[in-house]
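Fit chains R, E, U, Y and L to the known structure of chain S by using the hints.
Here's the letter readout for the chains.
Number of protein chains: 6
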Amino acid sequence: MISDTVHPPVAAVREAVARALAEDLGPLGDLTSALLPPGATGRAAFVPRAGGVLAGRLAANEAFAQVDPALVVEWAADDGHEVVAGRPVGIVSGPLAALLTAERTALNFLSHLSGIASLTRRYVDAVAGTPAAIRDTRKTTPGLRALEKAAVRAGGGVNHRGSLSDGVLLKDNHLADLSIIDAVGRSRQAWPGRPVQVECDTADQVSEALAAVVELVLLDNMTPDDVAACVGVVGGRCLVEVSGGVTLDTVAAYAAAGADLISVGALTHSAPVLDIGLDAC
Amino acid sequence: MISDTVHPPVAAVREAVARALAEDLGPLGDLTSALLPPGATGRAAFVPRAGGVLAGRLAANEAFAQVDPALVVEWAADDGHEVVAGRPVGIVSGPLAALLTAERTALNFLSHLSGIASLTRRYVDAVAGTPAAIRDTRKTTPGLRALEKAAVRAGGGVNHRGSLSDGVLLKDNHLADLSIIDAVGRSRQAWPGRPVQVECDTADQVSEALAAVVELVLLDNMTPDDVAACVGVVGGRCLVEVSGGVTLDTVAAYAAAGADLISVGALTHSAPVLDIGLDAC
Amino acid sequence: MISDTVHPPVAAVREAVARALAEDLGPLGDLTSALLPPGATGRAAFVPRAGGVLAGRLAANEAFAQVDPALVVEWAADDGHEVVAGRPVGIVSGPLAALLTAERTALNFLSHLSGIASLTRRYVDAVAGTPAAIRDTRKTTPGLRALEKAAVRAGGGVNHRGSLSDGVLLKDNHLADLSIIDAVGRSRQAWPGRPVQVECDTADQVSEALAAVVELVLLDNMTPDDVAACVGVVGGRCLVEVSGGVTLDTVAAYAAAGADLISVGALTHSAPVLDIGLDAC
Amino acid sequence: MISDTVHPPVAAVREAVARALAEDLGPLGDLTSALLPPGATGRAAFVPRAGGVLAGRLAANEAFAQVDPALVVEWAADDGHEVVAGRPVGIVSGPLAALLTAERTALNFLSHLSGIASLTRRYVDAVAGTPAAIRDTRKTTPGLRALEKAAVRAGGGVNHRGSLSDGVLLKDNHLADLSIIDAVGRSRQAWPGRPVQVECDTADQVSEALAAVVELVLLDNMTPDDVAACVGVVGGRCLVEVSGGVTLDTVAAYAAAGADLISVGALTHSAPVLDIGLDAC
Amino acid sequence: MISDTVHPPVAAVREAVARALAEDLGPLGDLTSALLPPGATGRAAFVPRAGGVLAGRLAANEAFAQVDPALVVEWAADDGHEVVAGRPVGIVSGPLAALLTAERTALNFLSHLSGIASLTRRYVDAVAGTPAAIRDTRKTTPGLRALEKAAVRAGGGVNHRGSLSDGVLLKDNHLADLSIIDAVGRSRQAWPGRPVQVECDTADQVSEALAAVVELVLLDNMTPDDVAACVGVVGGRCLVEVSGGVTLDTVAAYAAAGADLISVGALTHSAPVLDIGLDAC
Amino acid sequence: MISDTVHPPVAAVREAVARALAEDLGPLGDLTSALLPPGATGRAAFVPRAGGVLAGRLAANEAFAQVDPALVVEWAADDGHEVVAGRPVGIVSGPLAALLTAERTALNFLSHLSGIASLTRRYVDAVAGTPAAIRDTRKTTPGLRALEKAAVRAGGGVNHRGSLSDGVLLKDNHLADLSIIDAVGRSRQAWPGRPVQVECDTADQVSEALAAVVELVLLDNMTPDDVAACVGVVGGRCLVEVSGGVTLDTVAAYAAAGADLISVGALTHSAPVLDIGLDAC
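Chains as they are written, first to last, in our numbering: chain S, 1 to 281; chain R, 1001 to 1281; chain E, 2001 to 2281; chain U, 3001 to 3281; chain Y, 4001 to 4281; chain L, 5001 to 5281.
Bound conformation, chain S alone (with noise of 0.2 Å):
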């Protein structure tokens, strides 16, 4: 698996922190952190409310430097580990006022990041034992693509198209007036030496993709027994992947029927916080 130091790019998080804390200070700032005693320290622990995985950690120290730089953050533990209820995952101490000023910033990516990461390691271990990989979608929350698919990573998930311009993924849409054989043949002028995808609701149309040979076909929207036929008829020809109404129910059976990819769009479009609190200690 690709290693846990595998970060977002360095820029996205800056903007990412930058822009949320612009959102969350105002134009006057913390107005009850102000209240403080002048000089006052804190010191503060990251507790997990429930098991899951940690994701998240470079946007969290972000939040906290940008406020004040003299905020020290230490984790005991990783993007990508798992964590338990009640147990510290990390500390932060510094300055009080700019501690809490910072802390919902921080929780707030910490919590959705993390969500993200522990419904991608549940879908990761509901196949664990097959050879099948969990994968997410575009259907990301605007403006934390990045950070939401290092997430997906740190779960142990592996990343869809980063942008439409990544490769072709031929669907229904882009068919309507172009036939699979054609549309594969302009893929291959306009844009050699990138995969192309051909979005497929039929056996039929996954033969037709297979004639005009391409990459990977999408199975989208079909029962497991179906993929498995459709595995069949594909005999490793190019990759398989499945989507559409997948569920933490279903998704094994998926696995079973042969996909090598299982894309889910829930993993960034419906994943629930991983609560995070920050209790003083």
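Keep in mind the hints are simulated off the structure, nothing from the lab. Please read all numbers here as calculations on a predicted model, not as lab measurements. Keep in mind that a hint or two might mislead.
[Unchecked claim] Residues from chain Y that face chain E, not an exhaustive set, calculated with beta carbons under 10 Å:
| hint | residue |
| --- | --- |
| 1 | 4022 |
| 2 | 4023 |
| 3 | 4024 |
| 4 | 4027 |
[Claimed, not checked] Here are the computed distance ranges between Cβ atoms for each label pair:
| hint | chain 1 | residue 1 | chain 2 | residue 2 | range |
| --- | --- | --- | --- | --- | --- |
| 5 | Y | 4074 | U | 3081 | 29 to 39 Å |
| 6 | E | 2050 | U | 3051 | 23 to 33 Å |
| 7 | L | 5225 | U | 3211 | 49 to 59 Å |
Glycine residues also receive a C-beta, built at the ideal position from the N, C-alpha and C atoms.
Below, chains R, E, U, Y and L alone, put in the same frame as chain S:
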């Protein structure tokens, strides 16, 4: 109730959409749409896959307009309206390549924000017939606060502080070195004319807060019974807000206990999307 | 009084300074400093040309740091301290070319913000001994609200709304189509927990606002005598703020009339700079 | 005189307005305007509360347009025109909530920039009949240089350097380690074709600068008599600019002393606003 | 071939133009155009001074529109079309001052991007009749990648990776601590569905890469003969790309050697402009 | 000559690098470097593949620092120094993954800017021994003006206007509706203290410009003989600049003809890169 014409600030929409499009288009734009025949046009309907409450139309409009002003979007429902699975809520038409390029960004906003509005509405409905209002928190997705708070309003909820500079909210950590009475006094002097709210874990703290004269007590992590007791103690002298561990199962009990406001972090940090697709028509 | 360690939000300072430096350095940087011998170093004192109140040290620090982190700034006074003409309040030293390049930007912030703090202090001193507080308005210089509101605090004033999303303030134009009682009712429903303020031109309006129960009445363009009458009408049931045409000559009379808050747009829209120069030393 | 169609660069207006609106709308937008009945429209006149010179119409237009393109602004006067207390200079009409939301931002620009134009005009009028021109400085409000320099032009003044990369201006601090003749020589070599200006405190320095051949001598903090003497020394061989401590009381004396240019920092750093209100009509 | 309606992402054009205009207009705008009589209008033709291939029309349009929407641009040729010295390719007309203010920015984009398209076309023409495609690299001008890659497409070339997150390309430095087989294995696991490319300096490395099964081998700095040998080794099992020291003199030999793709850094890092002027007409 | 410590404005470097990194890292960061063993470190030398003049070290430093502050860059040469093919000019060392991630961005700046400095130096050398200076133009790559103009200085050239707000340059199009004498008069009135330059196509226009008294005549597209004639006409009364069609072959002739300044658009719009690689060491 506040008019459904209340929108998030225009600048917030414009910037969030520009950021999301830059993220999704990447350096080359949409490789796949580039394969379409020049001049192709299309028409597609926004179709909810489940029932819920619509929100985010402005962001969706903006996504199409930023990719190509020639795209025309028409809505059959307003933000805040209930939608039904399978029944179209709007139509977009125009140049096909541009339509498909903008599709995911528009749907990411629409689904995410409608998800928030829909979850909010479920909480609002669960306390219908009581005077309690459902309120969001500062636990919003980084970078989307303005849009998410508008979605909460579309769902029938009301907004908590927009930022840390809106009002004073004294929590445990602020009160470690200050008594409630002193902290409230400092608040009145430093920030006159702004509401002072105190988070209370016990009825004693509530009494202390009342003695200090505050606008609102925030009862954190109490049972409905404890809340009812505190409401009795308060006796209408200030607003009573409840937070912490409120779920769709327990929210009615908190409302019955007499809370004026019930704040639910999950509205913005854990709402699953309302799945809305774009179907050619 | 609130601690002088209360700063404007860090992001606001960083961005405002970056913008100002970009503006002042232009595409080629400082043509004149480029003529200096390489390696030349300098040392200069911030010297007020008149007495007043210091504000804006953070922005000045940031201006020097952004041009060259090797520049060291040491202050002999804090924001909010009174300064005397001719007596240095701080020293900057380091690479001479960088020092001169950053000079004007640093001084523009320091002089502008100290000018605001100084004018605020004059109003505050004029009402010393009364319970009245001096308050700013939303009439701030575009792009500098956070810094200007911090300067008002440094001067001993208090802050009005940070933005339109802080609280409800009903003015004539809002009340053209709504009665006060209806407007307040809508406010309570739409924005519970937020203060409602009503601008009143007459004692009748004050009575109407009191009947609707509001947190504050804003008496606009009244004489001190009219204010005193209204204060009597209010009888402590809400805060009384005065605005409109308040000058250093009349402010004491308004305070004597019993206003809790006196808002002065001139603090931020018409304060002359406190002239501060940088003298080689 | 330069045409009143000379505007600040469009990008500068657009960005400054977007920043100001973001600042003023906050995360929730205008709480108060949200209470208005849907569909309400309004119409209001820009009414100066005092006489002066108009400037900043473009920024005001942009503020209304950015909030709602349906708002229509019509002007009865151009930038640079004299306005009279109580006589409307323009009308804005359209959706009422949007109109009130944009009002303060539009007025903040209009009042601030008209204040600068008005003060400039007073200086210009004070030297009418002499060849002296009134010039601004780099002592502008951070972030608003382009707009403030345009307001100075609207007032009839002329612009000093736009930035440090416009031209060479040798001051005391630059000359500590260099003779004037050497510094001018280096300037000619490093930045040929650009004007070289030297700040002089004494007539001797003026002679030295003339010997070095410069485009302009800047006489700093001299009396009108000293200026007259220096003008005699210069004898038309270069432009003579006066700066430092020029007031409306003394400016005519400096003009009479023969200065070509009189620069006044107060135009941009200490101009009180021209109070302009928006009255329903 | 891909349609000439394939544009760079709109946001990329808008931002690049805004940045360029801010750069060129400076704080005061166009001093010279400000001298023109108010109301003057103009009309000018875009005239190439040499033959080549047009690109960058969108950016040119945007430059004029951002300065003044009243400027109208009409084109007689599309991006990707060949142009002839002296024959106009478009006309801009409207307010003269705005036209001249935007001229240089529009031409800088048009000339730079047409220069890239023109050089690309020369390489494309040099390999006409072979199956080889000409490909760009990541050696683009900082800040202009999206526009330059679109210009390469206009010239008939194809695009290499848009960014480091598009695909895996293993080079010497990555392989210092990893065997090719291990590195490819890690790639498949970490980034399934994405193409894996390996840079090879020798035929042995090519064999090793083929054994590991990759989508493309990149033959770096080989002679055409070496390339032909490697093409034989590959035997159609993956794409063969050539890079390093390819010139207009040698490119045909590399194509003849059987390379599928020939990448040329010079397309974007060393293309001279196509000189296009704006002549009054 | 101006010191080689004269850098582009810091903010310009910081922003240009951040933009370039965002462009090159994409949403997922460097897929390939992510495969490296955690903790791997590296060390590599910047090695020119050809002789030339170094420029852009600051941008290269910034690229490495923005990706990982732990990367250390040491230079053996300054901007403006001549470099020799194959002889290292600097070393970067630190975390290998970060080093490789930043490599291309750093090299893109370094090669592009060194290319400009190198071409400039060739022109400068071609006129060595004459008083003529080589000058750039406003024909810079959009978004990189500040850095490119610094590279021209590193090459020994001097800078033309930084932006349109630096000075007046009257060209044909401006003079269609104005005589030279009128245009110069308007310039003096509107923009006193700024240089006025007139583009002349004929000796008659030169005489007319001299009669109007200008700081510089720009002889456009003249032969060296025509230039010599005009230089005679000018007789030292103003600077003479030559532009249009100047090449390395003809530049010496223009210098010999007596031009003070020779401006060459190709310095910034058509300089090929100085190829600099990064070799592990």
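Of all the hints given earlier, name the ones this structure violates by number, lowest first.
The structure conflicts with hint 7 only, although it agrees with all the remaining ones.
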